[in-house]
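Take a look at the letters that make up each chain.
Protein chains: 2
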Amino acid sequence: MGDTTNITMKDIAQNLGVSVATVSRALKDSPRISVEKREEIKKYAREHNFFPNMIAESLRKSKVQPIKIIGVIIPQLTHFYFSSILSGIEEEATARGYKLMVAQSREMYENEVKICRAFSESKVCGIIVSQAKNTAKYNHFQKLIEQGVPLVFYDRICTGVDASRVVVDDYMGAYSAVTHLIDTGCRRIAYYGTSLTMEIGKNRYNGYRDALLKHGLLPDERLIRTCDNRADAEAITPDVMSLPEPPDAFFAVNDDTAIGILYSCKRMGYAVPEEVSICGFTNGERAIACDPMLTTVEQRGNQVGEEAANILIDKVEGVIPRSSIEKRVVRTRLIIRGTTR
Amino acid sequence: MGDTTNITMKDIAQNLGVSVATVSRALKDSPRISVEKREEIKKYAREHNFFPNMIAESLRKSKVQPIKIIGVIIPQLTHFYFSSILSGIEEEATARGYKLMVAQSREMYENEVKICRAFSESKVCGIIVSQAKNTAKYNHFQKLIEQGVPLVFYDRICTGVDASRVVVDDYMGAYSAVTHLIDTGCRRIAYYGTSLTMEIGKNRYNGYRDALLKHGLLPDERLIRTCDNRADAEAITPDVMSLPEPPDAFFAVNDDTAIGILYSCKRMGYAVPEEVSICGFTNGERAIACDPMLTTVEQRGNQVGEEAANILIDKVEGVIPRSSIEKRVVRTRLIIRGTTR
Numbered sequence: 001m002g003d004t005t006n007i008t009m010k011d012i013a014q015n016l017g018v019s020v021a022t023v024s025r026a027l028k029d030s031p032r033i034s035v036e037k038r039e040e041i042k043k044y045a046r047e048h049n050f051f052p053n054m055i056a057e058s059l060r061k062s063k064v065q066p067i068k069i070i071g072v073i074i075p076q077l078t079h080f081y082f083s084s085i086l087s088g089i090e091e092e093a094t095a096r097g098y099k100l101m102v103a104q105s106r107e108m109y110e111n112e113v114k115i116c117r118a119f120s121e122s123k124v125c126g127i128i129v130s131q132a133k134n135t136a137k138y139n140h141f142q143k144l145i146e147q148g149v150p151l152v153f154y155d156r157i158c159t160g161v162d163a164s165r166v167v168v169d170d171y172m173g174a175y176s177a178v179t180h181l182i183d184t185g186c187r188r189i190a191y192y193g194t195s196l197t198m199e200i201g202k203n204r205y206n207g208y209r210d211a212l213l214k215h216g217l218l219p220d221e222r223l224i225r226t227c228d229n230r231a232d233a234e235a236i237t238p239d240v241m242s243l244p245e246p247p248d249a250f251f252a253v254n255d256d257t258a259i260g261i262l263y264s265c266k267r268m269g270y271a272v273p274e275e276v277s278i279c280g281f282t283n284g285e286r287a288i289a290c291d292p293m294l295t296t297v298e299q300r301g302n303q304v305g306e307e308a309a310n311i312l313i314d315k316v317e318g319v320i321p322r323s324s325i326e327k328r329v330v331r332t333r334l335i336i337r338g339t340t341r
Numbered sequence: 001m002g003d004t005t006n007i008t009m010k011d012i013a014q015n016l017g018v019s020v021a022t023v024s025r026a027l028k029d030s031p032r033i034s035v036e037k038r039e040e041i042k043k044y045a046r047e048h049n050f051f052p053n054m055i056a057e058s059l060r061k062s063k064v065q066p067i068k069i070i071g072v073i074i075p076q077l078t079h080f081y082f083s084s085i086l087s088g089i090e091e092e093a094t095a096r097g098y099k100l101m102v103a104q105s106r107e108m109y110e111n112e113v114k115i116c117r118a119f120s121e122s123k124v125c126g127i128i129v130s131q132a133k134n135t136a137k138y139n140h141f142q143k144l145i146e147q148g149v150p151l152v153f154y155d156r157i158c159t160g161v162d163a164s165r166v167v168v169d170d171y172m173g174a175y176s177a178v179t180h181l182i183d184t185g186c187r188r189i190a191y192y193g194t195s196l197t198m199e200i201g202k203n204r205y206n207g208y209r210d211a212l213l214k215h216g217l218l219p220d221e222r223l224i225r226t227c228d229n230r231a232d233a234e235a236i237t238p239d240v241m242s243l244p245e246p247p248d249a250f251f252a253v254n255d256d257t258a259i260g261i262l263y264s265c266k267r268m269g270y271a272v273p274e275e276v277s278i279c280g281f282t283n284g285e286r287a288i289a290c291d292p293m294l295t296t297v298e299q300r301g302n303q304v305g306e307e308a309a310n311i312l313i314d315k316v317e318g319v320i321p322r323s324s325i326e327k328r329v330v331r332t333r334l335i336i337r338g339t340t341r
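Protein sequences appear in the order of chains A and B. Residues 1 to 341 (UniProt numbering) are what the first sequence spells out, left to right. Residues 1 to 341 (UniProt numbering) are what the second sequence spells out, left to right.
No lab work stands behind these hints: they were computed from the structure. For each residue, glycine too, the CB sits at the ideal point set by N, CA and C.
If you anchor each label on the Cβ, the simulated ranges turn out as follows: (1) ASN134(B) to LYS42(A): 32 to 38 Å; (2) ARG328(B) to VAL161(A): 40 to 46 Å; (3) ASP220(A) to GLU245(B): 52 to 58 Å; (4) PRO219(A) to LEU196(B): 54 to 60 Å; (5) ALA271(B) to ARG222(A): 35 to 41 Å; (6) LYS123(B) to ALA136(A): 36 to 42 Å; (7) LYS28(A) to MET108(B): 19 to 25 Å; (8) ASN206(B) to LYS143(A): 55 to 61 Å.
The task is simple: from the sequences and hints, build the whole structure.
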């Protein structure tokens with residue numbers, strides 16, 4: 001008591017061995033945190049004279065309500081993964097009294113720039129964004145940061161600006177999927193993924209490679225292909241299965257590609273999973289529509305969205321400093337179904 | 001004058017002993033109201049500082065641009081059909097210079113009421129909504145209409161208030177699907193649908209029935225079941241296929257149910273489509289993930305969203321009168337794939 005130095009949420013989190021999000025929720029009496037945990041955290045905060053930072057304080061003093069609207073930029077609303085992230089953002093934002101303004105970039109840099117400008121004019125309190133596939137200039141993001149608009153990236157993080165981000169543990173997701181394939185007797189495991197220049201592609205490939213190496217298996221270049229959609233998977237799989245030593249399993253970076261492999265193999269007369277095992281990544285609607293149902297790594301878009309909204313709101317309310325770069329990783333989960341043994 | 005409390009159209013109507021519709025028409029100078037009555041109502045409104053809606057108010061007060069934000073209420077963002085509708089709304093709204101505020105009711109009436117209030121406080125220029133499954137009271141919608149906020153319903157239309165709406169031609173969608181089944185040789189066609197008390201269920205059933213009758217076939221009660229999801233379809237299909245005269249085709253009200261029928265039939269050893277034909281309704285992601293790929297009626301969510309946004313913006317901008325009730329029907333399209341002959 002009596003200590004006047006500033007203690008931050010991060011300090012509280014570290015000292016109590018919980019996440020910053022948990023501290024934030026506890027201090028807001030969120031029912032997501034158990035009563036005991038809430039009381040423990042609130043007691044600790046009281047005893048250490050915790051005050052949310054000056055921005056929040058001055059807001060409170062001046063009684064000027066901030067505009068509680070968050071701008072969300074989505075590459076494509078009809079993609080299951082993105083709509084599940086938006087659902088998570090909406091859930092968390094609503095729970096904390098914020099509204100959402102939503103726009104689609106349609107994977108076009110030009111739209112992204114326009115949306116950033118429009119959101120800025122609307123005086124949103126912050127922006128949550130996954131960048132368009134072809135975005136290679138970052139002035140529009142940089143400008144927002146300079147204007148003091150907090151930014152949080154999800155899924156496709158922007159390598160051009162240093163901002164807060166929420167991603168899934170692509171490396172561990174791939175590692176556990178490939179380990180499951182090895183554990184169920186597969187030895188020649190093919191990899192269909194995106195270009196290694198993309199962060200997601202690199203992390204998933206590394207997880208695949210390390211799982212092989214860990215089990216004494218060597219990656220075989222002939223089994224590693226750049227392929228991230230169903231049409232391409234259906235086009236190249238007959239060739240891959242015609243190799244002198246064809247694969248006995250496939251790990252694909254998304255469900256769509258995995259389903260292309262599945263139907264390709266079935267058409268060629270292979271029994272799945274008896275002769276060929278297949279594992280995808282996403283766990284969207286189609287993973288349970290295919291036959292057999294797809295073993296896949298669940299990306300938990302809802303959780304990604306919730307974390308992104310939490311970081312942004314914590315920054316807006318001064319719970320965490322605006323200048324801090326928060327990087328959160330959401331755990332994936334392997335869902336074992338009928339395409340693996 | 002000088003009164004700053006909000007007066008509504010209903011207040012004016014009650015105080016002058018006329019209907020709300022009359023007040024609404026008078027304020028829009030409708031020739032359906034006599035000149036004398038119009039002047040009386042407009043004078044009363046002026047004297048009581050009535051402004052038809054927030055846009056007019058902000059325009060008059062500050063000469064700024066109207067707030068071009070449309071509120072959108074979605075039952076569930078992760079449902080493909082709803083996210084495709086939202087995508088269509090977003091596309092049209094952006095093209096016409098409007099922004100979107102988006103919230104999910106999560107199929108709960110209580111959330112819907114809260115969202116309506118929040119949107120109203122945010123001074124949205126209008127609201128596009130599909131009501132929650134359990135919404136049975138309509139005061140929240142009625143209140144918005146009285147405040148002069150234009151409403152447009154999509155998909156699940158509200159039978160409790162008379163407002164503009166966009167639906168798909170469920171009747172014709174079902175009629176053409178069942179006609180296709182008959183044209184390809186099917187004679188005993190089962191129907192799995194929602195309760196006939198729902199508008200959608202009734203229209204699709206009528207389309208099914210009329211297609212049968214038109215081709216000299218009689219609906220058979222034993223083949224008509226209340227079933228609208230995969231789990232139920234997998235549970236009841238073995239019984240239906242065990243009838244003395246089993247069906248040679250199924251028409252289901254959504255893709256999920258159709259996929260349940262498909263896998264049920266496959267497990268029982270029936271060849272699809274050689275022995276049993278199956279047709280769904282939606283054309284979401286899973287329709288092309290199942291094996292064989294599903295013949296289905298495409299609901300064109302994108303188009304539904306565009307139409308809804310168009311009606312709303314036309315009303316906001318006075319292109320069509322605010323008081324008019326627009327009812328638009330989006331044509332469905334039969335997509336023939338591998339589950340029918």
